[in-house]
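The chain contents come next:
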Amino acid sequence: MKMLVIGHPETVLGFSLVGVHGQVARTAEEVNQALDEALSAEDVGIVLVTEDVADLIQPRMDQLKLRSTVPLVVEIPGPEGPRPDRPSLSEVIRRAIGVRI
Amino acid sequence: MTRINVPPTRSNLLRIKQELEFAREGYEILDKKREVLSTELIRLAHDAETLQKQMWELLNTAYRALEKTELTMGQERVEWAALAVNKTVEVQVRAHGVMGVPIPTVEARGEPPEMPYSLGDTRATLDEASAAFREVLNRIPELSELMTSVWRLARELRKTQRRVNALQYIFIPDYEDTVAFIEKALEEREREETFRLKRLKTKTARPTIGPPTREYEQPYRDIAGGKSPIYRDISGGGPRSGEFG
Numbered sequence: 001m002k003m004l005v006i007g008h009p010e011t012v013l014g015f016s017l018v019g020v021h022g023q024v025a026r027t028a029e030e031v032n033q034a035l036d037e038a039l040s041a042e043d044v045g046i047v048l049v050t051e052d053v054a055d056l057i058q059p060r061m062d063q064l065k066l067r068s069t070v071p072l073v074v075e076i077p078g079p080e081g082p083r084p085d086r087p088s089l090s091e092v093i094r095r096a097i098g099v100r101i
Numbered sequence: 001m002t003r004i005n006v007p008p009t010r011s012n013l014l015r016i017k018q019e020l021e022f023a024r025e026g027y028e029i030l031d032k033k034r035e036v037l038s039t040e041l042i043r044l045a046h047d048a049e050t051l052q053k054q055m056w057e058l059l060n061t062a063y064r065a066l067e068k069t070e071l072t073m074g075q076e077r078v079e080w081a082a083l084a085v086n087k088t089v090e091v092q093v094r095a096h097g098v099m100g101v102p103i104p105t106v107e108a109r110g111e112p113p114e115m116p117y118s119l120g121d122t123r124a125t126l127d128e129a130s131a132a133f134r135e136v137l138n139r140i141p142e143l144s145e146l147m148t149s150v151w152r153l154a155r156e157l158r159k160t161q162r163r164v165n166a167l168q169y170i171f172i173p174d175y176e177d178t179v180a181f182i183e184k185a186l187e188e189r190e191r192e193e194t195f196r197l198k199r200l201k202t203k204t205a206r207p208t209i210g211p212p213t214r215e216y217e218q219p220y221r222d223i224a225g226g227k228s229p230i231y232r233d234i235s236g237g238g239p240r241s242g243e244f245g
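As given, the protein sequences belong to chains G and Y, one line each in that order. Once you know that position 39 of the first sequence is 39 in our numbering, the rest is easy, because the numbers rise by one and skip nothing. Once you know that position 221 of the second sequence is 221 in our numbering, the rest is easy, because the numbers rise by one and skip nothing.
Excised from the complex, chain G in its bound form:
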């Protein structure tokens, strides 16, 4: 199965250099539409969504990250780097377990 990138034009261009197709999206509708296509496509294994557009549809992204296994939906930072308000993985774990590891 393939991977797919949705979101920031820079990210889409960068990944196209290594053969990963992408869909540029800037607005919530565009992201939703691109996601719909990606979810209904049968040969898509991983969908990468850049954080800047993932923020536009946060509730749906949370749902997908928790529920969807094929394809896996994952957020990656856009060219501006990771958002400061994003909890890092260790932060997520710390909050769940209640102690720092």
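Warning: the hint list may mix true and false statements.
[As the list claims (entries may be wrong)] Result set (DSS-like, lysine-lysine): computed pairs, CA atoms no more than 25 Å apart in a straight line:
id, chain 1, residue 1, chain 2, residue 2
1, Y, K159, G, K65
2, Y, K53, Y, K32
3, G, K65, Y, K33
[Said to hold, decoys possible] Which bits of chain G does chain Y cover? Going by a derived footprint, with three or more residues having C-beta under 8 Å, they are:
id, region
4, 22–36
5, 40–50
[Unchecked claim] A partial selection of chain Y residues facing chain G, derived with a Cβ cut-off under 10 Å:
id, residue
6, H46
7, Q52
8, Q54
9, Y63
10, A81
11, V93
12, P113
13, A132
14, V136
15, S144
Simulated from the structure, these hints should not be mistaken for laboratory data. Built from N, CA and C at the ideal position, the CB exists for glycine as well.
Keeping the supplied structure of chain G fixed, place chain Y upon it in accordance with the hints.
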């Protein structure tokens, strides 16, 4: 002390005892689930942290390299170069469950070709950007797997934790209190009942021991003008005391 608002009856006691038993079993199961989930999360924690940091750094270098490429070659030429890439990483996503949480495993195969574009009309910066994104791409399957697993496990753990706490600190104590309350109320009622019976016994037994009480001497209403045999019989007292043994 909080308790559920139910009337203290024997059937309620049975029902609540059953529910309490059920809640305790549920608590034990959930507690085990919590343990398994935390072990799993702790196992992933270290890998996730380092991989995410590495990934962010790699992505950062890749973006900077791409920026430079775009500056020297123009966006359009970069897009042309990208058209030449005909192979990429194939992934296979499978899910297995840990305590009902679907945890993905990602297998990756193949890799994108190195420098498939013509070297004549591209710049060295394109090679850099391309190489940087290759690095990123190689990590993506592992990262997706880890990130999704951590997300889901953490979410499930929080949910389980909440349930365990609710059972442990609210549900079970409430039910225990209610059981205690009903038992007390039933015991109290039983004592009252015994006492009432004793009292009744002494009351009804008295005529045989002492002189007949005035209560029994008095006819309720003398409709027969003092000639009715029924009322005269009652006032006799005596033999009726045998009824309560």
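Using 10 Å as the Cβ threshold, decide whether Y:A132 counts as touching chain G.
8 Å, holds
Would you check whether Y:H46 satisfies its interface hint, that is, whether its CB is within less than 10 Å of any CB in chain G?
At 7 Å from the nearest chain G Cβ, Y:H46 passes the 10 Å test, so the hint holds.
Taking the closest Cβ pair, is Y:V93 under 10 Å from chain G?
Hint holds; Y:V93 Cβ to chain G Cβ min 5 Å, cut 10 Å.
Count the residues of the region 40–50 of chain G whose CB lies closer than 8 Å to any CB of chain Y, then report whether that count reaches three.
Result for this restraint: holds, n = 3.
Once the shortest beta carbon distance from Y:S144 to chain G is found, is it less than 10 Å?
4 Å, holds
Was the hint right that Y:A81 lines chain G, CB cutoff 10 Å?
7 Å, holds
Check, residue by residue, whether the region 22–36 of chain G contains three or more positions whose beta-carbon lies closer than 8 Å to a beta-carbon of chain Y, and give the verdict.
With 0 residues close enough to chain Y, the hint is violated.
Minimum Cβ distance from Y:V136 to chain G below 10 Å?
8 Å, holds
Do the numbers back the hint for Y:Q52, that is, is its least Cβ distance to chain G under 10 Å?
5 Å, holds
With a cut-off of 10 Å on the beta carbons, see whether Y:Q54 makes it to chain G.
12 Å, violated
Is the hinted pair Y:K159 and G:K65 satisfied, with a Cα-Cα distance of at most 25 Å?
Answer holds: Y:K159 to G:K65 is near 16 Å, not above 25 Å.
Using Cβ atoms only, decide whether Y:Y63 comes closer than 10 Å to chain G, and label the hint accordingly.
5 Å, holds
The structure shown violates the earlier hints numbered 2, 4, 8.
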